[in-house]
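**Q** Letter by letter, the chains look like this.
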Amino acid sequence: AQTVTQSQPEMSVQEAETVTLSCTYDTSESDYYLFWYKQPPSRQMILVIRQEAYKQQNATENRFSVNFQKAAKSFSLKISDSQLGDAAMYFCAYRRGDTGTASKLTFGTGTRLQVTL
Amino acid sequence: DAGVIQSPRHEVTEMGQEVTLRCKPISGHNSLFWYRQTMMRGLELLIYFNNNVPIDDSGMPEDRFSAKMPNASFSTLKIQPSEPRDSAVYFCASSLRQGQNTIYFGEGSWLTVV
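Going down the list, the protein sequences come from chains A and B. Under the working numbering, think of the first position of the first sequence as 568, with each following residue one higher. Under the working numbering, think of the first position of the second sequence as 159, with each following residue one higher.
By construction, these hints were calculated from the structure, which means they are not laboratory data. Possibly wrong hints are sitting among the right ones.
Claimed, not checked - Facing chain B, according to a computed beta carbon distance under 10 Å, are these residues of chain A, among others: (1) A583; (2) L614; (3) R617.
As the list claims (entries may be wrong) - Some residues of chain A that are not near chain B, with every Cβ distance over 12 Å (derived): (4) E577; (5) Q623; (6) Q650; (7) V682; (8) L684.
Ideal Cβ placement from N, Cα and C applies to all residues, glycine included.
Given only the sequences and the hints, what does the whole structure look like? Please build it.
**A** Here it is in structure tokens:
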């Protein structure tokens with residue numbers, strides 16, 4: 568079974584600074600996809616960024632980027648120029664590739680990010 | 159484009175009552191997921207459907223929980239009878255079947271059982 572581990576329950580960053588959230592996963596699959604979701608106090612689950620395992624290039628979305636280390640099974644999220652609106656719970660998630668049927672998302676336990684002035 | 163639509167957004171009910179949560183997936187999506195989120199257990203997958211057929215319901219806590227998907231545009235999650243420990247946020251999510259596709263979430267249904 569696949570597992571996703573987020574070892575940092577809470578992180579704090581000053582506004583305009585950079586912060587990195589860690590995520591590791593365990594799988595025997597070769598075809599899979601990794602995601603970071605953001606959950607603000609409203610509880611909405613918002614996709615931040617996704618990474619295809621077959622791609623060596625790290626995904627980037629504006630101020631958000633990932634460091635994907637496939638051999639180490641590591642998938643960290645870097646937030647640059649942090650803003651107050653980035654304060655939220657961040658979940659790392661894993662999804663198997665096409666298996667002929669639907670595949671589910673497996674989530675980590677989340678990291679709560681605080682942004683201070 | 160409309161996202162995943164859930165109702166009700168908030169519900170407070172008394173123990174023993176029946177609760178029905180509803181979900182309309184994104185049009186064209188053929189996979190639908192029900193997740194539950196609590197402080198103690200985090201995000202748990204309850205059940206998911208592919209082309210309206212349940213694929214894996216191993217996450218359904220007990221017989222008090224049931225889920226249906228009568229057609230491609232509607233699903234329900236029912237709890238009968240409800241208990242205080244069922245209090246949680248219930249998320250519905252949908253995607254295209256293939257694993258490379260992003261799963262999109264609704265805004266959640268906040269359930270409180272008193």
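**Q** So, for every hint listed, does it hold in this structure?
**A** We went through each hint and held it up to the structure:
At about 29 Å, the closest approach between the beta carbon of A583(A) and any beta carbon in chain B exceeds 10 Å, and the interface hint on this residue is violated. A least Cβ separation of about 6 Å between L614(A) and chain B falls short of the 10 Å threshold, and the interface hint therefore holds. With 10 Å as the threshold, the beta carbon of R617(A) comes within range of chain B, its nearest partner Cβ sitting at about 6 Å, so the hint holds. The Cβ of E577(A) sits about 14 Å from the closest Cβ of chain B, beyond the 12 Å cut-off, so the non-interface label holds.
No Cβ of chain B approaches the Cβ of Q623(A) within 12 Å, the least distance being about 16 Å, so the stated non-interface status holds. For Q650(A), the non-interface assignment is confirmed: its Cβ lies about 22 Å from the closest Cβ of chain B, beyond the 12 Å cut-off. Here V682(A) stays apart from chain B, with its beta-carbon at least about 22 Å from theirs, past the 12 Å limit. At roughly 28 Å from the closest C-beta of chain B, the C-beta of L684(A) stays outside 12 Å, upholding its exclusion from the interface.
Taken one by one, the earlier hints fail for this structure only at number 1.
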